[in-house]
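As a plain string of letters, each chain reads:
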Amino acid sequence: MYSPSQIRDNFDFASRTVAGRPLVYFDNAATSQRPRCVLDLQDELCRRHNANIHRAVHTLSYEATDYYEKGRVAAQIFLNAASPDEIVLTSGATAAINLVAQCMVRGGFIGRGDGILITEAEHHSNLVPWQMVCGQVGAHLEVVPVRAGKGTANDGAIDMDAYRAALRRGVKMVAITHVSNILGVVNPVREMVREAHALGIPVLIDGAQGIVHRSVDVQALDCDFYAFSGHKIYAPTGIGVLYGKRAWLEKLPPFMGGGDMVEKVTFEKTTYADIPLKFEAGTSNFVGGACLAPALEFAASLASDGQVRLHEKAIMEAMDKALASVDGLFLAAGEAADRIPLYSFTIEGVHPLDAATLMDKMGVALRSGHMCAEPIVDRIAGGSMLRASLMPYNTAEEVEIFGAALQKVVKMLR
Amino acid sequence: MKSINDIQREIIDEFAMYDEWLDKYEYLIDIGRNLPLIDESDKTDANLIEGCQSRVWLTCTRDENGCLHFAADSDAIITKGLISLLIRVFDGRSSEEILGTDLFFIDFIGLKENLSPTRAGGLAAMIKRIREYAAEFKED
Chain A
672 MYSPSQIRDN FDFASRTVAG RPLVYFDNAA TSQRPRCVLD LQDELCRRHN ANIHRAVHTL
732 SYEATDYYEK GRVAAQIFLN AASPDEIVLT SGATAAINLV AQCMVRGGFI GRGDGILITE
792 AEHHSNLVPW QMVCGQVGAH LEVVPVRAGK GTANDGAIDM DAYRAALRRG VKMVAITHVS
852 NILGVVNPVR EMVREAHALG IPVLIDGAQG IVHRSVDVQA LDCDFYAFSG HKIYAPTGIG
912 VLYGKRAWLE KLPPFMGGGD MVEKVTFEKT TYADIPLKFE AGTSNFVGGA CLAPALEFAA
972 SLASDGQVRL HEKAIMEAMD KALASVDGLF LAAGEAADRI PLYSFTIEGV HPLDAATLMD
1032 KMGVALRSGH MCAEPIVDRI AGGSMLRASL MPYNTAEEVE IFGAALQKVV KMLR
Chain B
58 MKSINDIQRE IIDEFAMYDE WLDKYEYLID IGRNLPLIDE SDKTDANLIE GCQSRVWLTC
118 TRDENGCLHF AADSDAIITK GLISLLIRVF DGRSSEEILG TDLFFIDFIG LKENLSPTRA
178 GGLAAMIKRI REYAAEFKED
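Top line first, the protein sequences correspond to chains A and B.
Here our numbering is used: the first sequence runs in plain steps of one and ends on residue 1085.
Here our numbering is used: the second sequence runs in plain steps of one and ends on residue 197.
Isolated chain B (complex conformation):
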């Protein structure tokens, strides 16, 4: 299995193929369209991460091996693209791995502006929620 950092480097390489901003975003939109959706019944307030302008629902389960699995949906497609990148990095990992990861790929693919806590898309809030899930499951 690839390491978390291998996957981060993979994503950086994929985005490096696009020089134009719009092309990077077009790729992100494509990724967003393929995001594994969550059940309508899981779109509850408890699973909601409220951004200023878009909503994200994120669920997390742990399998018998102690690996965490995420599913998500959003009403905004670029937001879906961002969260599906996060899921690609973190899905199937243990709490320890998730909490111990330095998330560097976002800086390198030029989407750092999305990380600002006040950014409408709420990427920072999504990362925070993923880490919260990891911490929660670790204590069990």
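Isolated chain A, as found in the complex:
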């Protein structure tokens, strides 16, 4: 449907300049830009269909509810979930993971002495919520290492032997990233789910990065939970998706109480609504939820387009070349077998903050710092890296600008 050159026509940011130069936006792993179809719906909903959902009998409320529920169905289709009941809409991946963590505690599924397994390369959003659980109930983290670093095996792969061993140390919950926001490596989540399930351990997958660049079928994956944020995949901020298997969502108690999540309320006792509304206390971000529909349809149409896939392959090859030509550059998981267009790197003699500042003055938006994954960035890079992350709307020409700018920056800073 889209030829690569036409993808950009859907985005107003494509004609922006920064510091007098054409903007090269390579910070997509932090947030993606929104196509016009999403912005148009967002605008239309606010102007013409603004009413609280699920409550009133008037027309506007019906309309708003309908749009919101269409967003839920779009997420169901995108993930190939069995039913829209298995899609809980949250404010983002972070809220989704916190929701699972706290509900697991309330349901008594994680307790004193239990292990919670994560990998070394988790985003703080899939680390801190579990650390909080550990503090609450006296559980502990089992952290599985990844193969990454300077002067060592650097393919970013999870140490599967360590994973298997850790599973057998009293682990009651596995919470792993599909694709780390530092390494960009696609983890073997299907295999990891299978091994955890063989021991009866539930698995949550943090799909914040993975969902953007890989098609996900939660039924084939067989994971118990899959979480992602809307704003990284063309939707607005403040909306996220938690897929949960029906059986889990039914047996987990909610952890947030309020409007919309109840069936019957008296001062003595409250009964809860059915799933998924049981987990959606308070007025939902119905505009964001509704916008999942055009956003995910846009993503799906790009993902299914052979031309776009070829384009993505070409810009990744161009990135490899641009990075390889910088003297003293260390690419995290540089030997990765399967990566998304996300590149975290350091350059000898160049502070990432300096480089990112200068790149911005050349119109190139990069991320720098620990990028919300301090433990892994501390270990492999001493606490700070640069990151370039691309979307299908980025072009080979932009990669060229990036490469030339990076060369210039290195010259200025060394």
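I should point out that these hints are in silico values taken from the structure, not numbers from a laboratory.
One or more of the hints may lead you astray.
[Stated by the list, open to error] Mimicking SDA-like on lysine to any residue, the simulated pairs with C-alpha atoms at most 20 Å apart in a straight line are:
id, chain 1, residue 1, chain 2, residue 2
1, A, K1079, B, D87
2, A, K1082, B, L79
3, A, K1032, B, I88
4, A, K1079, B, Y84
5, A, K1079, B, I88
6, B, K100, B, Y84
7, B, K81, A, G1053
8, A, K1082, B, K100
9, A, K1082, B, W78
10, A, K1032, B, E77
11, A, K1082, B, D80
12, A, K1032, B, D80
13, A, K1079, B, K81
14, B, K81, A, T688
15, A, K1082, B, D87
16, A, K1082, B, E77
17, A, K1082, B, V146
18, B, K81, A, D1031
19, A, K1032, B, D87
20, B, K81, A, V1081
21, A, K1032, B, D76
22, B, K169, A, G1053
23, A, K1082, B, E83
24, A, K1079, B, D76
25, B, K169, A, K1079
26, B, K81, A, A1036
27, B, K59, A, A1036
28, B, K100, A, G1053
29, A, K1079, B, I86
30, A, K1032, B, F165
31, B, K169, A, D1031
32, A, K1032, B, I86
33, A, K1032, B, A73
34, A, K1079, B, E77
35, A, K1082, B, D132
36, A, K1082, B, K81
37, A, K1032, B, K81
38, A, K1082, B, F165
39, A, K1032, B, K100
40, A, K1032, B, M74
Dock chain B against chain A, hints included.
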């Protein structure tokens, strides 16, 4: 001796010579390279100003005339440039002068974005620490 405001105006004039953003930053990098470093032994936690992405160590001493002297270092060169501008403005001044100064040069040289409290380089935190030192020495 030039006044603090003379020095601020001097810095504004120097940066005004560069039209291009990159040239301004190149100048800032040059300034950073000439920053008087502090002793390794002074790179302590007590002297550390923690930015989000770069670290700055800043020390302050007072001489017999009541003038304050600053030394600093950072792991990021642009951050070093920024702090050496601050030191150029404030070094050798009394606590009263430092606390009474309206710091306007940063706005005028187009580096205002660095002043935002959330900015990774932590220029706002450096200014705050300089003023804290000045207040501390004033009470002595």
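Against the structure, the hints come out as follows:
no.: 1; hint: A:K1079 to B:D87; verdict: 16 Å, holds
no.: 2; hint: A:K1082 to B:L79; verdict: 13 Å, holds
no.: 3; hint: A:K1032 to B:I88; verdict: 18 Å, holds
no.: 4; hint: A:K1079 to B:Y84; verdict: 15 Å, holds
no.: 5; hint: A:K1079 to B:I88; verdict: 19 Å, holds
no.: 6; hint: B:K100 to B:Y84; verdict: 26 Å, violated
no.: 7; hint: B:K81 to A:G1053; verdict: 29 Å, violated
no.: 8; hint: A:K1082 to B:K100; verdict: 28 Å, violated
no.: 9; hint: A:K1082 to B:W78; verdict: 16 Å, holds
no.: 10; hint: A:K1032 to B:E77; verdict: 9 Å, holds
no.: 11; hint: A:K1082 to B:D80; verdict: 13 Å, holds
no.: 12; hint: A:K1032 to B:D80; verdict: 10 Å, holds
no.: 13; hint: A:K1079 to B:K81; verdict: 15 Å, holds
no.: 14; hint: B:K81 to A:T688; verdict: 19 Å, holds
no.: 15; hint: A:K1082 to B:D87; verdict: 13 Å, holds
no.: 16; hint: A:K1082 to B:E77; verdict: 17 Å, holds
no.: 17; hint: A:K1082 to B:V146; verdict: 29 Å, violated
no.: 18; hint: B:K81 to A:D1031; verdict: 13 Å, holds
no.: 19; hint: A:K1032 to B:D87; verdict: 17 Å, holds
no.: 20; hint: B:K81 to A:V1081; verdict: 16 Å, holds
no.: 21; hint: A:K1032 to B:D76; verdict: 13 Å, holds
no.: 22; hint: B:K169 to A:G1053; verdict: 29 Å, violated
no.: 23; hint: A:K1082 to B:E83; verdict: 11 Å, holds
no.: 24; hint: A:K1079 to B:D76; verdict: 18 Å, holds
no.: 25; hint: B:K169 to A:K1079; verdict: 24 Å, violated
no.: 26; hint: B:K81 to A:A1036; verdict: 19 Å, holds
no.: 27; hint: B:K59 to A:A1036; verdict: 40 Å, violated
no.: 28; hint: B:K100 to A:G1053; verdict: 17 Å, holds
no.: 29; hint: A:K1079 to B:I86; verdict: 14 Å, holds
no.: 30; hint: A:K1032 to B:F165; verdict: 17 Å, holds
no.: 31; hint: B:K169 to A:D1031; verdict: 15 Å, holds
no.: 32; hint: A:K1032 to B:I86; verdict: 14 Å, holds
no.: 33; hint: A:K1032 to B:A73; verdict: 17 Å, holds
no.: 34; hint: A:K1079 to B:E77; verdict: 15 Å, holds
no.: 35; hint: A:K1082 to B:D132; verdict: 17 Å, holds
no.: 36; hint: A:K1082 to B:K81; verdict: 16 Å, holds
no.: 37; hint: A:K1032 to B:K81; verdict: 10 Å, holds
no.: 38; hint: A:K1082 to B:F165; verdict: 27 Å, violated
no.: 39; hint: A:K1032 to B:K100; verdict: 31 Å, violated
no.: 40; hint: A:K1032 to B:M74; verdict: 17 Å, holds
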